[in-house]
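Chemist: Letter by letter, the chains look like this.
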Amino acid sequence: MSKIKYFVQQSWLLIVSSFCFGLLLAIANAAWSPIIEQNRINKLNVLAGRLIPKAKDFVPLEELGVEIKVKLLKGEKKKVDVYKAVTGDECFGWTFNAVGPGFQDKIELIIAVDKDFKTIAGFDVLASNESPGTGDKIKEEDFRTQFKAKPAAKLEVIKSGEARDNKILAISGATISSEAVVKIINHYVKEVKEEMQRKGLIGNDKEQ
Amino acid sequence: MTKNSDTTAGIYKETLLAGLWRENPVFRLLLGMCPTLAVTAAVKPALTMGLSVIFVLVCSNIVVSLMRNLLKPHLRILMFTLTIATFVTIADLFLKAFQPEMSETLGPYVPLIIVNCIIICRAEACASKNNLLVSIIDAVGMGVGFTLTLCVLAGVRELLSTGMIFEAKVMPDWFVPWAAMSMPVGAFITLGLLLGLVNKLTKGKS
Amino acid sequence: MPDNITVSPAPHISEPVWTHRVMIDVLIGLVPAMAAAGYYFRLYALILICTCVISSVVTEWLCNLICKKPNSLGDFSAVVTGVILALSLPPGLPIWAAVIGSVFSIAIGKMVFGGLGSNIFNPAMVGRAFLTASFGMMMTTWTVPATIDSTMPRIAPENMLHARTQATPLGWSKIAIKDRNGAKIFNDEQFEATLIGEVGGCLGETSAIALLIGGLYLLIRRTINFHIPLAVLLSAFVFGSIAYLIDPDAYMQPVFHLTSGGMLLCAFFIATDPVTAPLTRRGMWIFGAGVGTITMLIRIVGAYPEGVMFSVLLMNAVTPLIDRLCKRVPAGGKPGV
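Here the protein sequences line up with chains A, B and C, keeping their order. My numbering applies: residue 1 is where the first sequence begins, and numbers increase by one. My numbering applies: residue 209 is where the second sequence begins, and numbers increase by one. My numbering applies: residue 415 is where the third sequence begins, and numbers increase by one.
None of these hints come from the bench; they were simulated from the model. Watch out, some of these pointers could steer you wrong.
Simulated pairs of lysine-lysine, DSBU-like, Cα-Cα distance not exceeding 35 Å [unchecked claim]:
hint: 1; chain 1: C; residue 1: Lys588; chain 2: A; residue 2: Lys148
hint: 2; chain 1: B; residue 1: Lys377; chain 2: A; residue 2: Lys106
hint: 3; chain 1: B; residue 1: Lys377; chain 2: A; residue 2: Lys148
hint: 4; chain 1: A; residue 1: Lys3; chain 2: B; residue 2: Lys280
hint: 5; chain 1: A; residue 1: Lys78; chain 2: B; residue 2: Lys304
hint: 6; chain 1: A; residue 1: Lys137; chain 2: B; residue 2: Lys252
hint: 7; chain 1: B; residue 1: Lys304; chain 2: A; residue 2: Lys77
hint: 8; chain 1: B; residue 1: Lys252; chain 2: A; residue 2: Lys43
hint: 9; chain 1: A; residue 1: Lys56; chain 2: A; residue 2: Lys43
hint: 10; chain 1: A; residue 1: Lys139; chain 2: B; residue 2: Lys304
hint: 11; chain 1: B; residue 1: Lys304; chain 2: A; residue 2: Lys106
hint: 12; chain 1: B; residue 1: Lys408; chain 2: B; residue 2: Lys252
Quick partial rundown of chain C residues pointing at chain B, CB under 10 Å, derived from the structure [stated by the list, open to error]:
hint: 13; residue: Ile480
hint: 14; residue: Trp510
hint: 15; residue: Ile514
hint: 16; residue: Val526
hint: 17; residue: Ala543
hint: 18; residue: Phe544
hint: 19; residue: Thr546
hint: 20; residue: Gly550
Bear in mind that the values here come from a model prediction, so they are computed numbers and not experimental data. Glycine is no exception: its CB is placed at the ideal position from the N, C-alpha and C atoms.
Please model the entire structure based on the sequences and the hints provided.
Modeler: If you want it as structure tokens, here you go:
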């Protein structure tokens, strides 16, 4: 009995303040988490809208009753957020989120392709932690526009020369970051395409 | 940790100025080097980081000062960490909700304020021994001192690495950015040179 | 007491080995390389060299003034730093970048540590590293020597896309490793070109013969010991041979590695810097071997075509450790043991 008394004597402040602080955090979280979630969706819509400007809405595939699962670069299988870019009933393409290892930290991308998965419409960086000045340039227009209208097949990184066909010119001084981006795009485009063909979303005429 | 620097508890001005210059956390105490080196590539993230630190510092100093008579010596660090972690999480959530871009730029460095030595140092050295008002003034002084230093460092680096300050172009067109200044090496060199300058300026005065 | 009176026990043999004598010798040794730079890259090369020397000297003078230290220009070390930095710059570099590099070399590379003798890293390489990190594009843009027509295929293998921007032997080597056609690119004609210096590259590194002449002069004058140059070249050769024997298609012949890029400049003039190299003979062997091996590792495995700068800086960093490792035991055993 005296042990419990001693315990309470010593730690009552800790216990009480833990409860108080916990309550404080719960309130803050409850108040702000809808805003945080909305921020995320807004960012996604703005980015996706920039990649496929013709489309007005981006419908998550879950709403169509389909779930796309692909193998990640690390090996495990995971659900990918795929969005159908539509205006009214017309489909203009697809966007999906991708993630993979970068130079310092993981890189999260949003990739857009046309409706048949034939060409890439572009990509944007959702989150990355590449070195400023070099690797950080994967976010910049100069690098990203190269991917526009590239075939949705295996892309290749080159260090110099012209970025024709399936070639992507690496950012000077940031070859590793450039290669990481291309690797993520190659992997996801291929995997998502195969999975969607299997589900019958593209490749046969259901959606067109 | 550090010697109790607040024997002049009655003189609030002294306390405030101590944080700004005489005991500036970055230049004089060399505390909180991790954010100093990591988020000073541009002024905007540095300022955001500084303001977050001020918020956490003031809140934790208030709480610690209020409960200073209730603290058990062997549990005090636990209490400090708990307090600091709470306010850091609130600051992190706030940034995520209202400054999503900044929150992304700063990445893990906002949650890492929890382990920033300045805050636990002030809790231990000042707030747990002084009354509420002195603790608040000390927190503001230290926080503003930290923020100003961060901004100076970030200003130099942003100017040289991009030709801009606060994302506004200030350098003429012929200026070629020094990419190295935005890399970690730029942080170390700028910090070193500024420390040298401060030492030179204060030589023989203290 | 005046300097010219020396009190010492017999035998009274004295030799005027002062810092400025050594530095002047190094400068004389660098003359052939400077001449080659002037020959292949014309007036602009000489302008770059002068810029680097002048800004190095001015920076050192200013640093001494600010720190209220005695003037140290008399030892000529700032001039040597300036020349070595200039010789390791690409020939098309803008003047202002050369000035920034020189200021950085002297101020951050040397004076911050307390002047000549206290610096950890080779000042010229510190300046060059800063320039590489800051202006990566400029520091890897090569111009073709003025003596040859830039459209001639000799300077660039046919499969090169941008001959103008990558026309160094080491640039080809990187492509050869990727495309596995090293044997096709590197023939006797190419080797000859790297010997006389009719290839792209930094100002002072193109002509192997000029560097060898300068290096031999230093060796004969005993300004430098043969240990470091030999260790650098030997380890690089061995490493290059191993790579070549494993896959002769991908990797170029080891001799090429010695004659192209900054290898010779490094072996004779940069790695031998008495301040930043180890003091003992054994230490020198370790240091040289480290420089050679790391250079080759970067050239063959790494992302950069050239690795001399990084290998010198890395080995500079471990020089104090090497010195501690190779302490000489006094005659009669360790004192106090």
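Chemist: Let me make sure I understand: some of the numbered hints might not hold for this structure. Which ones are they, in numerical order?
Modeler: none
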